Amino acid sequence: MSAGDAPTWPDLLHALWRSAFSAGSTKVFAKELYLGLLELPHVRGVLGARTGPDGTVLVVRWADHEHGVMSGPAGLAADVAPWVTGSADLEARPAGQAKITELGVAELASFAPALGERMREVGGTAVVAASFRAAEGDNGLLLVALDRTPEDEAVARALEQIADVVIAADDRIADQALLDNRLAADAVLAEVSLRLAGSLDVEETLRSVVRMAVPGLADGAAVHVRRDGALKQIAAAHVDVHRERLLNDHLRQGRWAGLPVTAGDEVDPLPSGLPADVGLELMTSAVLRARGRLLGVLTFFHRAGARRVPTREFVRDIAARAALAIDNATLYSQRRAEVEELQQHLLPSVLPAIDGVELATGYNVAGHLLDVGGDFYGVVRQPDDRFTALIGDVCGRGAAAAALTGLARHTVETILEEGGGAEDAVRLLNAKLLRNRVGKFLTLAAVTFGKAGPDGLPMRSLTAGHPPPVIIRRDGAVEETACRGHLVGVLDQVSFTQADDVLRPGDSVVLFTDGLVEARDASGAFFGDEDLEPTLAALHDLPLSEMAAALVAGDGRYAVDDDAAVLLIRYRGPRHLDAVLPADQAADAALAAVRALGRPGLPDRVDAPAGHEDVTVTVDGDAGWARIEISGGAGTWWEVL
Amino acid sequence: MTASGEQVVLVVEDSEEDREAILRALSRSHPELVLEFLHDGHRVPDRLRDDALPHPVLVLLDLNMPGTDGFRVLQELRADEDPRLRDVIVVVFTSSTTSADIDRCSEAGADSYVYKPVNFTLFRTVLQGAVEYWHTNGFVRPGAPPEVPVA
Chain A
81 MSAGDAPTWP DLLHALWRSA FSAGSTKVFA KELYLGLLEL PHVRGVLGAR
131 TGPDGTVLVV RWADHEHGVM SGPAGLAADV APWVTGSADL EARPAGQAKI
181 TELGVAELAS FAPALGERMR EVGGTAVVAA SFRAAEGDNG LLLVALDRTP
231 EDEAVARALE QIADVVIAAD DRIADQALLD NRLAADAVLA EVSLRLAGSL
281 DVEETLRSVV RMAVPGLADG AAVHVRRDGA LKQIAAAHVD VHRERLLNDH
331 LRQGRWAGLP VTAGDEVDPL PSGLPADVGL ELMTSAVLRA RGRLLGVLTF
381 FHRAGARRVP TREFVRDIAA RAALAIDNAT LYSQRRAEVE ELQQHLLPSV
431 LPAIDGVELA TGYNVAGHLL DVGGDFYGVV RQPDDRFTAL IGDVCGRGAA
481 AAALTGLARH TVETILEEGG GAEDAVRLLN AKLLRNRVGK FLTLAAVTFG
531 KAGPDGLPMR SLTAGHPPPV IIRRDGAVEE TACRGHLVGV LDQVSFTQAD
581 DVLRPGDSVV LFTDGLVEAR DASGAFFGDE DLEPTLAALH DLPLSEMAAA
631 LVAGDGRYAV DDDAAVLLIR YRGPRHLDAV LPADQAADAA LAAVRALGRP
681 GLPDRVDAPA GHEDVTVTVD GDAGWARIEI SGGAGTWWEV L
Chain B
5 MTASGEQVVL VVEDSEEDRE AILRALSRSH PELVLEFLHD GHRVPDRLRD
55 DALPHPVLVL LDLNMPGTDG FRVLQELRAD EDPRLRDVIV VVFTSSTTSA
105 DIDRCSEAGA DSYVYKPVNF TLFRTVLQGA VEYWHTNGFV RPGAPPEVPV
155 A
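Going line by line, the protein sequences match chains A and B.
Quick note on our numbering: the first sequence kicks off at 81 and runs consecutively.
Quick note on our numbering: the second sequence kicks off at 5 and runs consecutively.
There may be inaccurate statements among the hints.
[Said to hold, decoys possible] Label-pair ranges, simulated between beta-carbon atoms:
1. A:G715 with B:A104: 23 to 31 Å
2. A:A639 with B:D50: 45 to 53 Å
3. A:A639 with B:A104: 17 to 25 Å
[Stated by the list, open to error] Selected chain A positions facing chain B (Cβ under 7 Å, derived; list incomplete):
4. L263
5. G296
6. V319
7. V321
[What the hints assert, rightly or not] Where chain A lies over chain B, by a calculated footprint (3+ residues, C-beta under 8 Å):
8. 103-115
9. 132-144
Since the hints were derived computationally from the structure, they do not count as laboratory data.
Keep in mind it's a predicted model, so treat the numbers as computed, not measured.
Note that CB positions come from ideal geometry on N, CA and C, so glycine has one too.
Chain A extracted, bound-state conformation (with noise of 0.2 Å):
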């Protein structure tokens, strides 16, 4: 042992002990561990090594007086090969947990030449080794070269020792791993769970499922789900995206092993049949079973000889969960579609076409329920050129409330349609409901438009409990339409005052059930509080079908996530032209309509979209508002001037 201060042989024994068991890097432990051993008299340097089982070797470190401690310098592992079958012939002791063997240089040198040369290099003759065994059926190896032959044990019972410290701090990190690994599962299992509950597309979830467990559990995953009686890869994931793209490919084609259906619902590594080319030799299949039916297959790829290897009870957990959420899902979207189907029929198909008169509908079906909900809208022809728009909304949601809005519906148009009035037709479906104890309400509001005339549009507003009809004038100006009512389905006496007004060409009219004016922005602020009347100024040019779609979508900015209707009407005014001319002399016809109308301080040109073909052009509106449009081959083009 070194004189002065060098730290004592027991010193450095309990500092490795400490270190040993202390979370931090194993690369202190290795420093102290190797500088420990060159303290030793005698001592010109150090080898450690890990093998494997089969011998391989994994791991090697040198130390030396002059270089200190290197990590697998270039061909140690190489010449250290030759040791792993040379020392099985050469006498060992054993040693506390180790077994010891003391040999000359030259001795070692006949059947490991390279590593006897290494030894000779740092001044060593003769070499005391400790062997032992390590975590996962691992052998560590401790090689001491001294320039002397030992006189005594000192270095073999410091080997021992020190092989007592590596076996301790071997099985602590291996606990540790085992640990570290078990908590991982825990954890991708917690993330997998929380995707899979929050998320109904079933199909980027179980993506996300791969690419969690690559590589932190597994080299490779794929999934496959059922479709139509068969099996779909949905996803496959590889640690190096290059072989990602190989194993997609081998997967599609078939080139693997293939889905272990047949064979039960086994999950022990089994061979992968995948081609070398994408380094998967092995693989732990699950079947993704819910209620009783096959849905899928969950599998994960590992290298041969990975030593991390997802255990049974993980890949059952995970593939059950994702069982129960792909079920969950298509369960979702199958009662999604049907509620969805079931809406359509509640409203009508097609609108009447009316002459002058621009119509469009928004719905929007709130997106996360699964029962139908009440809104209705309608357009109805009357006899003497009159006609009714009208929208509704039915209290609850589910068959009951579907079938009051089909009863509704119907029992107004039908009224409508015989030339009735909207309030003898709300009046008399309100007795219908008290009468036939329905236990529901409904709110409902309705617009009866006359003959045009020279003035315009006559219009006549009822509400019965449901927001009044808005105004959009062609300037822009937003007026909430004067009438006020009861709902139906609650009094018996029901009051209504209707309220008269005209529209001028370009003048619109916004029908709408609460869902919209009730749909919240980032902030908790409701869309029909401050924001609908400058929303619907701001969109008033706009072709009705995309302020339609712009108002149900909340204008982007709030989210609809209630049922939402809303139907638009504009008056258009007198049609001044109707015609099918070549693209090049549409804008002109159109701007010479424009002008007929009287129209002061119109622009030379319009910049209507140029083209061959023939298009149809039409001019709607008065001296005040004017519309032209250009349809064709390439859609269609419009401006109001």
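Guided by the hints, dock chain B onto chain A, whose structure is given.
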């Protein structure tokens, strides 16, 4: 490789917490690796060209960083004619698991796309899994020539 036989992994990460987590995750499992940290992406090309320092065997690249983000760094490396940049292994890690982000990185030339979970244990396992894979493969990209040790 450093003089003592250690291999350098270049970690490009703007978050101090994540840098600390990466250090903790890899120092125990891969003591032979020396972690070198860059806080932003624009210094990566110069670092990889610097022969005065050991050439990193792997770049661990955060995708979402202010300034030069990881995606742009990746594109610049792969577009460079210098094999020290073009052929270095790049492991991208990000909190996104969306197909669009994965495809984008794959097309840009990432070697591994690693999900960065919030849970530290999982984070450590994922990082260790990626590094272990490339360690086993000698830190060589498929199709790229093996690194010639600098004398």
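Contradicted hints - numbers only: none
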